[in-house]
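Asks: The residues making up each chain are set out below.
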Amino acid sequence: MSRANPILSATDLEVSFGDLKPVDGVSLALRKGETLGLVGESGCGKSMTALALMNLLPNPGTVSAGEILFEGENIVAWPEQQRRNLRGNRIAMIFQDPSAAFNPVFTIGDQIAEALTAHDRMFGHEAWSEAIRLLGEVGISEPEKRAAAYPHEFSGGMLQRAMTAMALACEPDVLIADEPTTALDVTVQAQILELLEQLQERHGMAMLFISHNLAVVSQIADRIAVMYAGKIVEMGETQRVLAQPCHPYTSALINTVPKPSFKGRLPTIEGTVPPLHAFGAGCRFAGRCPLADQHCTEQEPALRKLDNRQSFACFKELSA
Amino acid sequence: MTEPVLATENLKVSYASRRTGFFSPAPSPIQAVRGISLEIKQGEVLGLVGESGCGKSTLAKALLGLTPISAGRVSLLGEAFESAGRAPSKALRRKISMIFQDPYASLNPRLSAESIIGEPLAIHKIGNRQSRKERVRQLAEAVGIDSGLLSRPPHQFSGGQRQRIAIARALASNPSLIIADEPTSALDVSIQSQILNLLTDLRQQLGLSLLFISHDLGIVRYMADRIAVMYCGEIVETAPTAALFEAPAHPYSRALIAASPALGVARQERSGLLAGDPPSPLNPPAGCAFHNRCPWAQDQCRESSPTLTGGDHRVACHRAGEIEP
Amino acid sequence: MSRYLSGRFIQSVLVLAIMSFAIYGLIGLMPGDPVDLMISADPKMTSQDAERLRELYGLDKPITERYLNWLGAAIQGDFGYSRLHAAPVLSVLWEALGNTIKLLGLAFILSISLALPLGIFAATRARSKSDYAINFFAFTGISIPPFWLALLLIIGFSVIWPILPANAVPADSDAGWLATLQHLILPIATIVIASMGGHTRYMRASMIETLRQDYIRTAYAKGLPMRKVVLKHALRNALIPVVTIIALDFGSLFSGALITETIFSYPGMGKLIFDSIMGNDFNLALVALLFATALTLTGNLLADLVYAKLDPRIRY
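Protein chains in written order, with my numbering: chain A, -9 to 310; chain B, 144 to 468; chain C, 595 to 910.
Just so you know, the hints here were simulated from the structure itself, not pulled from any lab data. Predicted model only: the values in this text are computed from it and were never measured. By construction, the Cβ of each residue, glycine as well, lies at the ideal position given by its N, Cα and C atoms. There's no promise every hint is true.
Claimed, not checked - Covered, in the sense of this in silico footprint (three residues per stretch, anywhere, with C-beta under 8 Å from a C-beta of chain B), are these stretches of chain A:
id	segment
1	66 to 77
2	142 to 148
3	204 to 213
4	239 to 247
5	252 to 258
If we strip away everything but chain A, and leave its shape as in the complex, we get (with noise of 0.2 Å):
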C-alpha cells in the first residue's frame, strides 16, 4: 500500500538532560490521517519524546542529536520564534490531567479564543464566537454559557472535551495527545477516545497518541510504536503487533495483561527498569530478557524489518 509523506517525523532523535539520555536514537513518523500509538512504561521516555517534538522540553532538557522534520524542514534547528509559530498552530497537543491543565482565574472560553489570537486568526468577539462553535464541535452541551465558566465548573470529561477543542482551534496539522484519558473513567475515556477519532476523520490530522496502556492505544491507533528505556522496541501495524508480537518486551507486556477467562499465574517481567545511567553496549532490556545470550549483552540490536508491516529491535526470533 501507497503512503503518504510523513507531516512529522523524527529520526534518530536524542534528548539529553545532562549526563542523561531519556530519549535516545528515536525514529517515527506521522502521517495525515493517521494515528501513531506510543506505548511505554513510565520513565521509558515517551513524553519526552512528544515533548522535544513541541520544543517544550523543561530546563535542563535539550534534543542533542536527531532531526525533526516538518513538512521536509528540519525544524530542529529553527528559532524559538519560529517553533512557537508552528505550536498550538501547526502542531498542537493535549495533556494527561485536564483539571489542572486549564488556568482556572480565565473563563474556559477565554483559553480557547486565546489559541486563535495567539496565531493572528481571530482577534475579539471573532475569536469568541469561534471558541463557542469549537466547544460544541467537541460534544459539549449549551456551549455558550459553557464558554463564561470557569475551569472547576466542569467534570474532567467535558474538560477533556475543552481542551481538544483548544487544541484544534487553529486547524492544526498534528494533534500530540500525551495519556489524555489515563485520569478518566472508563466510560468518559471511550467517550474521548470516539471523541478523537471523529475529529481525526473530519480534520484528517495525524495524531500521536501516547500512553501506557496498551489495550486503550489498541482501540484508536493504526500504527504502534513500543519505547523501553528512551528507545524503540518495535514498531508496525497495531494489530499485527498485538497478534505476533517480535520483539520479548512487547510480548511480555501483552502477557501480563490478564485476558478474559484466564485464571492462571499471571506471566511477569523480572526485575525492574534500570536507572538511565546504568545502561551498557548491549540491548537494554536484556538484563530482564528471558532469551538474552551473550551477544546480546555486548551490541545493541538496531530496529529490522520483519516486513513492511512490522520492524523490532531484536536479535532472536520469537517463536509465536
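Please arrange chains B and C on chain A, whose structure you already have, making use of the hints.
Replies: Only chains B and C this time, still in chain A's reference frame:
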C-alpha cells in the same frame, strides 16, 4: 455453613459538607453510601467496581472504621463490628486491614520498612519485641522483600516494592479480611502482574478473604470470584464473575463492560457508549440513580429507586427481566 | 455575598467592642493616672487638689463604671478630650492619621511597585546569578532592624553627606510640597527597604510555585510567548496569595511604623499611640488603639474580598 467474613446491612455513610459562612444555613449532608448490603464469604474475593464519585472508597473507609457510619450495621466474622454511633470493636479491628492505592503516599516516609510492617503488631500489642522482629522478617520474606533491606526508609524502594511493604503491613495482624483499594493502579503494568500474583499466592496460602476495589474491569475479572457493581452510592448488581461478564443484567454494568478497552477486541459500536458524566454525590438523581443516562429508562425509573433482588445474580433495575442482552 | 458582608460587619463590631473593654481595662491597670503626671509636673499641687481633680475627671470611680461611661459617650460620637494635646481626641487622631497615610501610603506603594517586578524577575530566572543577588538584597532588607537602618541613613545622608534633612517635617510649616517631599525621603527609604525584602520574597516564591503548574505548560503549548505566559497566566494566579499577605500587612502598617516615626520625629499614628500610653492619656490611647484595630480588621476584610475577586473558585 460458616458465616460470612463480612456482612453489611443497609449501610449508609454521609458526611457534612462545608458551610459557606457563619450565618449561612447548614447545607444538606452528602450521602456517599446510600444503603449497601453485601456479604463476603470466607476465602472469597469480592470485586467492587465503580467510577469516581460512586462511593467505593468511602465504603472501604467506613468498613475500617476510618469514617463513621450514619446508619446500618457491619458484622465481621459473625459478630457485630460497628454501627451508627458505635465505633468498631477494638478486639475485632485487627481482623481487617487495608492496602491503599498510592504506594508513595501510604507509607510514612520517616519510618523504616521494618517499623512500618511492625506497626500493627505494636498497636495491637501482639507478642514481644523479639517475636515481633521475627514476624516482620517472616512477613517481608513472604512478600518478597529482602530482610537485609528492612532498615531502609520507603523512598529507597521502588513503587512495586513499596506496595509489597504495604501488603506485609496489612498481613501483620493476621487479618481475616483485607480491603485492597486499587492496589495496582499506580504501578506499571509489568509490576502490576507481580503484585497480583503475590496477592493470589497469599490468598491461597493464608485463606484470606479480599475486598478488591478497582476501576479496571480486566484485573477485577481476573482476581475476583464475585463482583459487585457500584453506582452513586448503591450496589446495582452482584454476580459471580463469569456470570457478570457473560450476561450483565444492569444497563450500567453493560455500559461499563462495553467501555472497558480490552486487547485485541474492537470497540463497541457507538450505540453502546454512555453519554454524560458519572453523577456527583452532591446531587444524586431522583428515583433510580442511573435513569438519566439509561437508554431503557421509563417513568417508573424516574420515580422510584429499584431494590437489589435475585439469588446468586442480583440486580437493582425495574426492567431487569425485560432488557435483551 | 451581602450575607457574608453583614456577617463580617457584625463580627467586626463584636471584636471592636471586646477590644475596647480589654484595652480600657489594660490601660486602667497600668500604675498611675493623668493626675499623677500633673503632680509630677507641678510640685505645688496638694493632695487635696489631686483628690478634687480625680473626682472631677471621674478617676475615683471603679473601672467598669468608667468604661460604661466612656462607651455611652462613644456611641453617641463623643470620644472625649485628649489631656496631652488639650484638644478633642478625634481632631488629634485625624491629623496624625493624615500624616501616617502620607508617609506609609507612599512607602507602601513604592515598596510594592519595586518588590513585585523584582520578585517576578527573580522567579523567572530562578537559581541564576541575578536571582541570588535579588535574594541577597531581600534578606538584607528583612534582617536589618529598621531603627538601625534609620540611624545609618541619617548618619549617611544628613551628617556625613548632608543632602537630606534628618527630620520628617520641615520646621517652616509653610514650606512647599517639594520641601515636604525632601523631608520624607529618608523615612520612606527606611520603611521601603525594610518591607520590600519580604514582599519580594513572597512574590518570588508564589511565582515559582505558579510556574510549575500544568496550565503554564498548556499556555506554552498553545504557542504563547513567554512574556504573555508569565505576565498574564502566571501573574494573576501568583498574585492571589501575595495580595492576601499584603492586604494583611496593610492593616498593621498604620500602627507599626512607631520606631521610624520616633527617630524622624514624625507626628504619625505610631508615635501618637506610644506617647499617649506613656503619658497616661487614656482617652487618646484607647481611641487610637481601637482605630488601629479597626484598620486591621478592614485590611483583613479587604484581603478576603480581593482574594475572591481574583480567584473565581472562591465565592461567598
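Asks: With a C-beta cutoff of 8 Å, work out whether three or more residues of the segment 239 to 247 of chain A approach chain B closely enough for the coverage to hold.
Replies: holds (count 5)
Asks: Mind taking a look at whether chain B covers the segment 66 to 77 of chain A? Criterion is 3 or more residues with CB to CB distance under 8 Å.
Replies: Not satisfied, violated; 0 residues make the cut.
Asks: Are there at least three residues in the segment 204 to 213 of chain A whose beta carbon sits under 8 Å from a beta carbon of chain B?
Replies: holds (count 5)
Asks: In terms of beta carbon proximity below 8 Å, does the segment 252 to 258 of chain A have 3 or more residues touching chain B?
Replies: holds (count 6)
Asks: Closer than 8 Å, Cβ to Cβ, for at least three residues: run that test on the segment 142 to 148 of chain A against chain B and report holds or violated.
Replies: holds (count 4)
In this structure, only the earlier hint numbered 1 is contradicted, and the remaining ones agree with it.
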